[in-house]
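Asker: These are the residues of each chain, in order.
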Amino acid sequence: MTFSPNHLGHPILETARQQVLEMGIGLTEEQLLDVLRLPDAALPAALELAHQVRLRHCGEDVEVEGIISIKTGGCPEDCHFCSQSGVFDSPVRGVWLDIPELVRAAKDTAATGATEFCIVAAVRGPDIKLMNQIKFAIDRIRQEVDINIACSLGMLTQKQVDQLASWGVHRYNHNLETARSYFPHVVTTHTYEERLETCAMVKDAGMELCCGALIGMGETLEQRAELAAQLAALEPHEVPLNFLNPRPGTPLEKQEIMDGKDALRAIAAFRLAMPRTVLRYAGGRELTLGDLGTRGGLLGGINAVIVGNYLTTLGRPAAADLDLLVDLNMPIKELQKTL
Amino acid sequence: MSTQSQRHTAETPYCELCGLPLQPSSRQKDAPKEEKYDGGDAPPSYQHSRCADLLQLEPPRYCASCGRRLKVQVSPMGWWASCARHGMNAR
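Taken in order, these protein sequences are the chains called L and Y. Heads up: the first sequence is residues 1 to 339, going by this note's numbering. Heads up: the second sequence is residues 1001 to 1091, going by this note's numbering.
Since the hints were derived computationally from the structure, they do not count as laboratory data. A couple of the hints might just be wrong.
[What the hints assert, rightly or not] Calculated lysine to any residue pairs in the SDA-like style (CA-CA distance at most 20 angstroms, straight line):
(1) 1071/Y <-> 314/L
(2) 1071/Y <-> 101/L
(3) 1071/Y <-> 96/L
(4) 107/L <-> 1091/Y
(5) 254/L <-> 1019/Y
(6) 1071/Y <-> 97/L
(7) 107/L <-> 1090/Y
(8) 1071/Y <-> 74/L
(9) 1071/Y <-> 90/L
(10) 107/L <-> 1080/Y
(11) 1071/Y <-> 93/L
(12) 107/L <-> 145/L
(13) 1071/Y <-> 120/L
(14) 254/L <-> 1053/Y
(15) 107/L <-> 1079/Y
(16) 1071/Y <-> 98/L
(17) 1071/Y <-> 88/L
(18) 107/L <-> 1077/Y
(19) 1071/Y <-> 248/L
(20) 1071/Y <-> 94/L
Build the full structure now, drawing on both the sequences and the hints.
Answerer: Next up, the structure:
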């Protein structure tokens, strides 16, 4: 597919074509705000441009990942969007997953063609017991499944970062979630700087950094642009893009589900902020975008998906996403290409 | 152990999403019109139609038989839910 500048019709998109598509330089925070403010009529052109940027700078492959919670619920942190916080009266109960089940889930994930399997724990940071479990889990998965292993275990110490890297953890997830200016409205039990510290240690240790966003929590468009720019400054390998799914019992349970067109504008903006980053569809897309919007995002800058279910909620059936990728003629990234 | 979530049926008195009774209590059924259900703690079954919709993207959170909160584990391709009294449900 070729990209025609005649389809742009808006100054920020012409700027983005020259700066991002041609030169590979992400948009600034101010420019991103212009993208987020584009009228509905300009949205198809913005998505088309973002798709061309993704094809040119990332290629046509789509990276598929499965995620699983090894320790669910009872988290001491107060992230206002999270049903796993022990601070709120959420229906989610504490559960530990046993290792055979974890290995089975890794096998099921690999069978979809996925190259990534992320083990997640609802904790402030891992203790010795959890680290030992993770080490054991990694060893067992390695024995039986050919898949990259990622972890998301909260805030880490330098020693823990070094341990995970030495165990061969391929990628570490630690989200910024929202803009620095909005963060205190969403989390009060730790700071933005603490999150940044873990992100920096992960990169320094040679692991790939997966650092994502959760949008639709009541942040302004300015703060959405701020978040995209702050993520771009971190230069993460991957950015999972979540849309708020308001959880019962949490402070954000009454928050309205984000408008689908705003979500698509955000996808285009994040791609134009980070032309070379893996931009992954993560939680909430089923509610916010539905089937049609899911397709729109894959043709608007997204180049990775979480397949199947999430940590505590259900996703689209894996087959539906895989069929969609076939329909869109988008090949799944193969394991050897990720190494 | 059953292999399917029971979801909302006549035999399951509790909503699997919110944990509230699916039918108004007999005391409410027999109450004078002005004392009948007012949107309070025990909504009638039609109030749970939204819960049923949401259960398309949620595992059960409460036992359909007794209303107890469930232990739930979600995995990429399925889920299981366990009630302390009624055992395991999986899909």
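Asker: So which of those numbered hints doesn't the model satisfy?
Answerer: Going through the list in order, the structure violates no hint and respects every one.
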